Amino acid sequence: MNLFKQTATELVSALKTKQTSAVELCSSYLKKIADLNPELNAFISFNSEAVLKRAQTLDDQKEKKGKLHGLPIAVKDNFCVTGTQTTAGSKMLEHFISPYTATCIEKLEREGAIVIGKTNMDEFAMGSSNENSFFGPCKNPWNLKYVPGGSSGGSAAAVAAGLSPVAIGSDTGGSIRQPASYCGVVGIKPTYGSISRYGLIAFASSLDQAGPIARNVSDAALILDVMIDRDEKDSTSVDRKQPSLAQLKKAAKGSLKIGLPKEYFSQHLEKTTQNKIKELLENLQKDGFQTVELNLSLTEMAIPVYYIVASSEASSNLSRFDGVRYGFRNKDQSGLSDLSDFYKKTRSVGFGDEVKRRILLGTYSLSSGYYDEYYIQAARVRRLMANEFTSAFKKCDVILTPTAIGAAFPLGDQAHDPIKMYFNDIYTVTANLCGLPAISLPLGLDDNKLPIGVQLMAPLFAEKAMLEMALAIEDCVQFKGLTQ
Amino acid sequence: MSIKKSEFDKVAHLAALEFDEDRALEYQSQFNKILSYFDKLKEIKTDNVEPLVTPHGIASPLRKDKVENQIDRESLLESAPDVKDSLYKVPPVVG
Amino acid sequence: MSKEYDVVIGLEIHAQLSTQSKCFSSASTDFNSGHNENVSLVCAGFPGTLPVLNQQAVDLAIKAALALNCEIQTVSVFARKQYFYPDMPKGYQLTQYEFPIARNGFVEFFLNGEPHRVPLERAHMEEDAGKSTHHGEYTLINLNRAGVPLLEIVSQPALTSAVEAAAYARAVRQALRYAEVCDGNLEEGSLRCDCNVSIKPKGQQELGTKVELKNINSFRFIEKAIDYEIQRQVQCLKSGEEIIQETRLYDSVKNKTFSMRKKEEANDYRYFPDPDLMPLILNNEDILKISRQLPEGPIARRTRFTKHYQLNDQDAELLVSERELADYFENLVNITQDPKLSCSWLTVEFLRLFNESGQKWHELKLTSQNFADLILKIKMGELSGKMAKEVFETMWVTGQTPQAVIQEKGMVQIKDVSQIEAWIDGIIKENPKMVLDYQSGKEKLFGFFVGQVMKLSGGQASPEIVNQTLKKRLKK
Ligand SMILES: [Mg+2]
Ligand SMILES: [Zn+2]
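Taken in order, these protein sequences are the chains called A, B and C. Numbering-wise, the first sequence is residues 0 to 483 according to numbering that gives the first Met the number 0. Numbering-wise, the second sequence is residues 0 to 94 according to numbering that gives the first Met the number 0. Numbering-wise, the third sequence is residues 0 to 475 according to numbering that gives the first Met the number 0.
I should point out that these hints are in silico values taken from the structure, not numbers from a laboratory. Where hints are given, some of them may not hold.
Straight-line distance between alpha carbons at most 27 angstroms, and here's what the computed DSS-like set of lysine-lysine pairs gives [as the list claims (entries may be wrong)]:
(1) 2(C) with 237(C)
(2) 63(A) with 30(A)
(3) 285(A) with 479(A)
(4) 479(A) with 277(A)
(5) 470(C) with 428(C)
(6) 80(C) with 9(B)
(7) 65(B) with 288(C)
(8) 80(C) with 4(B)
(9) 261(A) with 3(B)
(10) 106(A) with 44(B)
(11) 106(A) with 277(A)
(12) 414(C) with 454(C)
(13) 80(C) with 232(A)
(14) 44(B) with 393(A)
(15) 4(B) with 419(A)
(16) 63(B) with 80(C)
(17) 83(B) with 330(A)
(18) 3(B) with 80(C)
(19) 31(A) with 4(A)
(20) 3(B) with 232(A)
(21) 223(C) with 2(C)
(22) 463(A) with 64(A)
(23) 249(A) with 285(A)
(24) 394(A) with 88(B)
(25) 61(A) with 15(A)
(26) 419(A) with 65(B)
(27) 471(C) with 376(C)
(28) 471(C) with 83(B)
(29) 88(B) with 213(C)
(30) 378(C) with 454(C)
(31) 4(B) with 261(A)
For clarity, every value in this text was computed on a predicted model and none was experimentally measured.
In isolation and in its complexed conformation, chain A is listed as follows:
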C-alpha cells in the first residue's frame, strides 16, 4: 500500500482495520517532510519525537473510536498548540511556545488526529504569496520558482506535495482558498462563526475563519465536520445544530441552480481561467445544472472595504504584541526617553513590512477625523454587500466564480507593489465580508502546468449544498494532483 496515494478517508479506515499504524504513517510522513521541507519550506517547525510518541499512544489504545484516529494533520502556525512553537510567521513570536491548544485543534486531537507540524504562512496571515513570512517564503510544489499563495501557503503546499494528507489553514480574505487554488488542492472557509476562533491568533476578528485543506472534497468535509462546533470560549461562535457533513452525496443532476455574477468574469480575469470555467459550465449544463447570471454591483468595492475593515481590526488585534508578557522584546533598551520608545523599539523590529503597513492603515482608518469616512463607511458598504448577496441567493443555490485571477505568480513578482498584491484577493474577500461559506477546488492546469481553481459560495450555513455541488464539479473535472 502506497500511503502517500491514499486519501485521508482511506487512511482513517486503513488505520481502523490496522492495515497501517499511526506510527508507520507518521514516520513515513516525517521522513518525507525531512527530505522535502528544506527546499519547499512548507513547515516552520515539526517535532518528530513528540509526534511519534503520540502516534504510539494512539496505536496502543485498544479502541480506535476517534473519527480521525491516527491521522496526521499539518496545522498553520497561527493556531496555538500546547508545547509547540507558535509563531504566526513572525519574528514577534519566533520563540513563543504556546501554553494552550486552540479549540478547533483540540477537537481534531480528541478524534485522534496527530498534529504533525506547524506550517509556514505570511506573517500574521497578512499576504497572498507567503513571501511575508519571517521564516522565508514557502515554494509552490508544482514549480519551486512560484509562490504557493497565501497566507496559508505552507498548509496548501504541504498537502499538494504529499507532506501531510490534510492541513488546517485560516482564511481572512481568501487565505485558505487562494493557496488551495494555486497548489491544486481543496480548501474550505465555512460560514463565519462555525469553527471556534479560540486559539487562532487573530488577524481580523470579524473575518477570520479556520478551515481544512485537503486533496479532495470528501477529505476536506471529513475534517470540517469535526471542526464545526459551538465553543463557549468564543462569543462569536454559533450553535449550528445541523446534520453531519461527513456523509455527503454528489449533487444530483440538475438539482442545484448555479449563479454566475458577471462582475467576477471581468477584464481582470486571465484567459486560461476564463476558458476553463467556460468548459466546466458547459459540462455542468450538459448534466442539467441550470445557470443564472447575477449582478453583484458592489464587487469592485470589495477590496477597499476588505482592506479597511481587516486593517482596522488588525491594527487593534496586534496591539497586544508589546514585548511585556510574551514574545519578542528588543534587547536594545538604550536611549529610551519614554514608554512609547520602549514599545516602538520592540514593535518596529518585531513586525515585518506588510504587517506594519496594515497596522498603519488600520490605525489611520480608526483615528479621529477619519473613522466615519473610512471604518464606518466601509462597515456600511459591507452591509450593502451582504444584502446584495442575500438577494442574489434568492435566484440561485450556489454562486460559482474563479478563486483567483489566474494561476500562481513567480516569487518576487509582486513583492514591491502592495496594491497589485491586494488585488489577488478580489474574488475571495466577499465571502469573508459577508460571512458566507466558500470552497476552492482544482479546475485544471494552465499553460505553465500550474493549477487553477474554481470557487463556490453558498448562503450562510449552507455548507451541505455547497459541498455536494463541489463533489459534482470534482467528478466533472477529474483533476490529477501532484501525488496522484
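Based on the hints, put chains B and C with the ligands in the right spot on chain A.
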C-alpha cells in the same frame, strides 16, 4: 485623500511604530496610493445604512460567574521576557 | 473664595462589581492573592484568546443602574479603547462607549438637612486594568486586577462645591452598598473617584477648561482635592494664566494636585465596536426580574424611619447611612417595639464601640436578638443605666445573652422593698434641708435622691422600686 508627513508621524506614534526617514517616505507614498484607491468607497451612498460589524447577528452569549481556567503562575510567566518577584518587569513608566 | 467664579464639577465613579470571576475571563477577582495568581490566558491577552462576558457582571450592573434610577438600555455594545500601557494587556480596554448599558438617572441625598438631586449622564460597564508599581529604575506589573468588572457612573457636571461632590460620592457608595453590587471600599480601590473640575466667571455661559483629578482614595480627600483645585484655578485665572486641560493627581500628604504628565500627549483612543463580542441584548422581563430583587434604597428608608418610627431626621439619616446599621435597627425594633430607646442605644453605645473597635459587620459578636433583650430589660426597669452599660460592654466582647452576663457578674437586682425603704429612710434623715426644698417645689432634686439610693445599693437596686418608694416617702 493624501496624508501629510505630520499626519503619518502621528499615526505611526499611535501605532507605536517608528521608521527611519527613507522608510517613512516610502510608506507614506504607498499609503497615499492605497488611500486614493480606497476613496472610491465614498461614491457609495450609505445614508441610514447600519454598519455591519459581524456577519451574523447573534446576541452576546453570557458566561456563568465561575472561577476556572486560571493558569498557574509559573506557566504564565514562562513566556515573559523579563520578570521580577513574579511581576512583569518593564522600563520605568513615570519620570 | 469663589464669589467671582462659578464652580462646575462632574464625577466619574468606578465601582467594582462584586463578582467571583472577571468580566471577560474566568480568573478569580480575589483581592488578596499573590502576584499574578489570578490571571488566565484571556486576561493576560495571550495570542488567540477571546473574551466572553460574565452574566453576573451584567446582572450587577443592571441592579446598580436601577439603584441609581437609570434607564437600562436593551442594546449595549462593548468597544475597544486603544492605548498602550504595560498594565493593559491587550493594548485596549473593553468599555461601553457609544452604547452604554444605562443612561440618565439621578442620585438623591441630604446635605445639612437639605435634599439634593444630582442628575446622571450614564453608567457603563468596562474592565479594569492591572496594577503598576514604580521603582525608579523599572516598573512592575501585576495583572490580578486586570479584567475585573467595573461600572463607571458618570454624573452630569451639575455639582457646584467640593462638599456637595463628596456628599454625592457618599450617596453613590451608599446606593451601591444597599443594592449589594459593590463593597464600596475606597482604600482598597473597589470604588474610585475621578473629579472633573472647572471654573468660569460668574454668569458666563461657556464652561471653563476642565481638569481631571485622579488618585483620590477617601471622601475627605475628594473635598480637599477639589477645594485645592478650585483655589489653584482661581489663582491661575487671576494671574492671567491659562488653565490647561490635563489630568492631575492628588497628593494627600501635601494636600496638593500635581500634573500627571510632563508633556501632554494627544490622546486618540480610536474607539470601535469590539468584533470579538456581540451586542449585549437585554429583554424587559430580565430587567424587571432584577428590579424586583432591588432592596429599598437609603432615601426611601430614611423617609420610612421618620414616618413609621417617628425618629427625627438626624437619627434616621444616621441609621440609614449604612445598610447593615439600618437592618440591625429594624431587627431590634421588631423585638423591642421601642424605636426611640433602640435608636438611642444603637446610635450612642453601639456605634461608640463599633467605631472604636473598627470591626466589620460580619465580625460582630453581639446579635440583635441579645441586644434587644438587653434593651427590653432596661425598658422594664430591670437594670439601672449604669448596670446596663456594663452588661452591654461585656456582651459586645463575649456575645453572651444579657441574662448570662448578669448572672456571671452577680448583678442580681435588689427588689427587696423593705431594704430599699431602709436606705431611703436613712437618706431622708441625713438630708432634711434637701427634703424640705424638694417638698417646696424643687422637683429636680428627685434625681439626687435616686442617685443616693443607687450609691448605697451599689447600683443594684431596682430603679423602678426606688422611684415608687422615693415618691411615697418624700410626700409631705
Ligand atoms: Mg471615564
Ligand atoms: Zn472608565
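Right, here's what the structure says about each hint:
1. 2(C) with 237(C): Roughly 13 angstroms between the alpha carbons, so the hint for residue 2(C) and residue 237(C) holds.
2. 63(A) with 30(A): Since the Cα atoms of residue 63(A) and residue 30(A) sit roughly 25 angstroms apart, the hinted pair holds (cutoff 27 angstroms).
3. 285(A) with 479(A): Since the Cα atoms of residue 285(A) and residue 479(A) sit roughly 22 angstroms apart, the hinted pair holds (cutoff 27 angstroms).
4. 479(A) with 277(A): 20 angstroms, holds
5. 470(C) with 428(C): 16 angstroms, holds
6. 80(C) with 9(B): With Cα atoms ~17 angstroms apart, residue 80(C) and residue 9(B) stay inside 27 angstroms; holds.
7. 65(B) with 288(C): Answer holds: residue 65(B) to residue 288(C) is near 22 angstroms, not above 27 angstroms.
8. 80(C) with 4(B): 25 angstroms, holds
9. 261(A) with 3(B): 39 angstroms, violated
10. 106(A) with 44(B): 44 angstroms, violated
11. 106(A) with 277(A): The hint is violated at about 40 angstroms.
12. 414(C) with 454(C): Holds - the C-alpha atoms of residue 454(C) and residue 414(C) are around 15 angstroms apart, at most 27 angstroms.
13. 80(C) with 232(A): 22 angstroms, holds
14. 44(B) with 393(A): Since the Cα atoms of residue 44(B) and residue 393(A) sit roughly 24 angstroms apart, the hinted pair holds (cutoff 27 angstroms).
15. 4(B) with 419(A): 24 angstroms, holds
16. 63(B) with 80(C): 25 angstroms, holds
17. 83(B) with 330(A): 17 angstroms, holds
18. 3(B) with 80(C): 25 angstroms, holds
19. 31(A) with 4(A): 13 angstroms, holds
20. 3(B) with 232(A): 42 angstroms, violated
21. 223(C) with 2(C): Roughly 19 angstroms between the alpha carbons, so the hint for residue 223(C) and residue 2(C) holds.
22. 463(A) with 64(A): OK: residue 463(A) and residue 64(A) at ~25 angstroms, within 27 angstroms.
23. 249(A) with 285(A): 16 angstroms, holds
24. 394(A) with 88(B): 60 angstroms, violated
25. 61(A) with 15(A): 11 angstroms, holds
26. 419(A) with 65(B): 50 angstroms, violated
27. 471(C) with 376(C): Holds. Residue 471(C) to residue 376(C) sits at ~24 angstroms (cutoff 27 angstroms).
28. 471(C) with 83(B): 83 angstroms, violated
29. 88(B) with 213(C): 25 angstroms, holds
30. 378(C) with 454(C): 21 angstroms, holds
31. 4(B) with 261(A): 41 angstroms, violated
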